[in-house]
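Next come the chains, spelled out residue by residue.
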Amino acid sequence: MENRARKLYLIPYVLWIGLFVVTPILLVVYYSFFDLNGNFTVANYEKLFTPVYIKMILSSFWYAFLITAFCLLIAYPAAYFITKSKYKQLLLLLIILPSWINLLLKAYAFLGIFSTYGAANSFLEAVGIGTRQILFTDFSFVFVAVYIFIPFMLLPIFNALDKLNPTLIDASRDLGASAWITFQKVVFPLTIDGVKSGVQAVFIPALSLFMITRLIAGNRVITLGTAIEQHFLITQDWGMGSAIAVFLIITMVVIMVVTGTRKRGVQ
Amino acid sequence: MAEEAIIRFDQVTKQYDDDTIVLNNVSFEIERGKFYTLLGPSGCGKTTILRLIAGFTEASKGDIYFNGKRMNNVPANERQVNTVFQDYALFPHLNVYENVAFGLRIKKMKKAEIDRRVNEALRFVNLSGYESREITEMSGGQRQRVAIARAIVNEPEVILLDEPLSALDLKLRTEMQYELRDLQKRLGITFIFVTHDQEEALAMSDEIFVINEGRIQQSGTPTDIYDEPINRFVADFIGESNIVPGKMIRDFEVEFAGKRFECVDQGLNQNEPVEVVIRPEDLEITTWSEGKIQVKVASQLFRGVHYEMLCYDESKNEWLVHSTKKATVGDEIGLNFGPEAIHVMRLGETEEEFDKRLEAYQGAGYGK
Numbered sequence: 001m002e003n004r005a006r007k008l009y010l011i012p013y014v015l016w017i018g019l020f021v022v023t024p025i026l027l028v029v030y031y032s033f034f035d036l037n038g039n040f041t042v043a044n045y046e047k048l049f050t051p052v053y054i055k056m057i058l059s060s061f062w063y064a065f066l067i068t069a070f071c072l073l074i075a076y077p078a079a080y081f082i083t084k085s086k087y088k089q090l091l092l093l094l095i096i097l098p099s100w101i102n103l104l105l106k107a108y109a110f111l112g113i114f115s116t117y118g119a120a121n122s123f124l125e126a127v128g129i130g131t132r133q134i135l136f137t138d139f140s141f142v143f144v145a146v147y148i149f150i151p152f153m154l155l156p157i158f159n160a161l162d163k164l165n166p167t168l169i170d171a172s173r174d175l176g177a178s179a180w181i182t183f184q185k186v187v188f189p190l191t192i193d194g195v196k197s198g199v200q201a202v203f204i205p206a207l208s209l210f211m212i213t214r215l216i217a218g219n220r221v222i223t224l225g226t227a228i229e230q231h232f233l234i235t236q237d238w239g240m241g242s243a244i245a246v247f248l249i250i251t252m253v254v255i256m257v258v259t260g261t262r263k264r265g266v267q
Numbered sequence: 001m002a003e004e005a006i007i008r009f010d011q012v013t014k015q016y017d018d019d020t021i022v023l024n025n026v027s028f029e030i031e032r033g034k035f036y037t038l039l040g041p042s043g044c045g046k047t048t049i050l051r052l053i054a055g056f057t058e059a060s061k062g063d064i065y066f067n068g069k070r071m072n073n074v075p076a077n078e079r080q081v082n083t084v085f086q087d088y089a090l091f092p093h094l095n096v097y098e099n100v101a102f103g104l105r106i107k108k109m110k111k112a113e114i115d116r117r118v119n120e121a122l123r124f125v126n127l128s129g130y131e132s133r134e135i136t137e138m139s140g141g142q143r144q145r146v147a148i149a150r151a152i153v154n155e156p157e158v159i160l161l162d163e164p165l166s167a168l169d170l171k172l173r174t175e176m177q178y179e180l181r182d183l184q185k186r187l188g189i190t191f192i193f194v195t196h197d198q199e200e201a202l203a204m205s206d207e208i209f210v211i212n213e214g215r216i217q218q219s220g221t222p223t224d225i226y227d228e229p230i231n232r233f234v235a236d237f238i239g240e241s242n243i244v245p246g247k248m249i250r251d252f253e254v255e256f257a258g259k260r261f262e263c264v265d266q267g268l269n270q271n272e273p274v275e276v277v278i279r280p281e282d283l284e285i286t287t288w289s290e291g292k293i294q295v296k297v298a299s300q301l302f303r304g305v306h307y308e309m310l311c312y313d314e315s316k317n318e319w320l321v322h323s324t325k326k327a328t329v330g331d332e333i334g335l336n337f338g339p340e341a342i343h344v345m346r347l348g349e350t351e352e353e354f355d356k357r358l359e360a361y362q363g364a365g366y367g368k
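The listed protein sequences derive, respectively, from chains A and B.
Each residue of the first sequence is one higher than the one before, counting from 1 in my numbering.
Each residue of the second sequence is one higher than the one before, counting from 1 in my numbering.
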């Protein structure tokens, strides 16, 4: 009886995974072996290793790395500060709040801020630096991406720091460690799982960004995400687009495995 | 004397931002190589004293000296003390060996030397062979030992222990009391032990500081404190006590429960109102007519080692009696006690005044 009930509960999960995860992946893998004319081929994968695509892959990784690094640099100290604050919940909410707003809306807001007559340039003008081209630069791309991804980096780190037993820090100091050594030897190792989750949550989506590259970077930055979009919607080369997608999926799995979290008793 | 004091508190006050005073003008000295206990109820300020010594918190007023040097502004990592924390605070990402070696690695000690000292410390706490165990694989008692090894391996001058036995079950706790006391004797390091458990304090200490409401109420050896509590709080907190109001008639004679009794206290004013303490185990059950005071048994509990009876005399004073003899509830019985069983406390007497009075006795040729 109980077994049957359990099988019943399983149905939504199996349906969901089957329809929206397994089937699309199988389809993408299937399409990746056909060329524009519908002939079976592995040429799509061969093309992945031509200079054009290798450059694209490297640039995707480079930007994803930059975005992740900046997110980490900002989110870790911020999360640390929030855990120490009296207004923990409020500060956390303020960080999370923007992530509830539609991504497209935020991107458009930055279009306005960074445009030639936008707020950013008015400010630069006012302090005497003068109007600059901000929009459609690497800077604006990384800036906006970091802005969008910060909550995803901050939350897991915050949780890890929050769970950290504060007496461990006392203990480390008591045993002769300075504040910096305590961070290196106790705080960071014990929150590394949070950092890994954060890196996963930022690096993987950052690899396949396409909307921000389009809107903020003005297609100056071509990432794998942009390439997939172009192949499916513009050149209609579904095969090539799928091959890139398969490559991305494999990369994601590799990253998940590498940054995989081991369970550890953080008390 | 002054040379021997390893830690000295000089009128230290600790006050939080919201004006709560946790320590109120506390002064004391800690001598080298002794086992000290800070004893008091929770929230009395005992842990604050420990944190002040360790350097985790700063005094609002007053000075703290280590070996004669003022240490108020020296950070925790530069102090010659190590702490055994209440929850042990072992590093969960390091194994037993690395936990113990933590302090030595920070001092950038040579590998061979670290190896030698960690092994020695683990042998000291009977944990040889556990080096590569994870902390999560250790039981409560074993973690406790790792925490102690992690402290002693640094060879500090003082070890601070913050209620380290409170998380253990009764049997293990008793075992660890013996072990800690033994360890302290073997190492010869000063131990400062914080607890709210009076039995623990009496069993282990060379010297006890009884603390309440941010003040040291009394300090002394366990027997001093047990036999000569200076006020109601100490009498009540250390062991169980019968405290009844009385009047000092003259030296060696006190009146309570409507009668006059011979006692050993002196140096008080004639007819001074006092409080009289008699320990439950000093009361002996006898027949109505033979007893020095007559009481009625209100209730009785079997405690294993003894019977515990709650009795009332005619003046409605409560008398707690510990006796191996059994009584019957509702019976009227007599209670007997010797003059030494009576301890007279002056109302509102401070520790200094009490000590002065004791000295005056001894000056008068009364060998205490």
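Take the hints with a grain of salt, since some may be wrong.
Computed, partial: chain B to chain A, Cβ under 8 Å [stated by the list, open to error]:
#, residue
1, Asn-82
2, Asn-126
3, Tyr-130
Negatives, chain A to chain B, calculated, CB over 10 Å [what the hints assert, rightly or not]:
#, residue
4, Phe-33
5, Phe-139
6, Ser-178
7, Ile-181
8, Leu-190
9, Val-195
10, Phe-247
Cut-off 25 Å, straight-line C-alpha distance, at most; resulting in silico cross-link-like pairs (DSS-like, lysine-lysine) [what the hints assert, rightly or not]:
#, chain 1, residue 1, chain 2, residue 2
11, B, Lys-325, B, Lys-292
12, A, Lys-84, A, Lys-7
13, B, Lys-259, B, Lys-292
14, A, Lys-7, A, Lys-88
15, B, Lys-108, A, Lys-185
16, B, Lys-107, A, Lys-185
17, B, Lys-325, A, Lys-185
18, B, Lys-171, B, Lys-185
19, B, Lys-326, B, Lys-316
20, A, Lys-88, A, Lys-196
21, A, Lys-185, B, Lys-171
Think of the hints as simulated: they come from the structure by calculation, not from any bench.
Even for Gly, the Cβ is constructed at its ideal location relative to N, Cα and C.
**Violated hints - listed by number, lowest first** = Going through the list in order, the structure violates hints 2, 3, 6, 7, 8, 12, 14, 17, 21 and respects the others.
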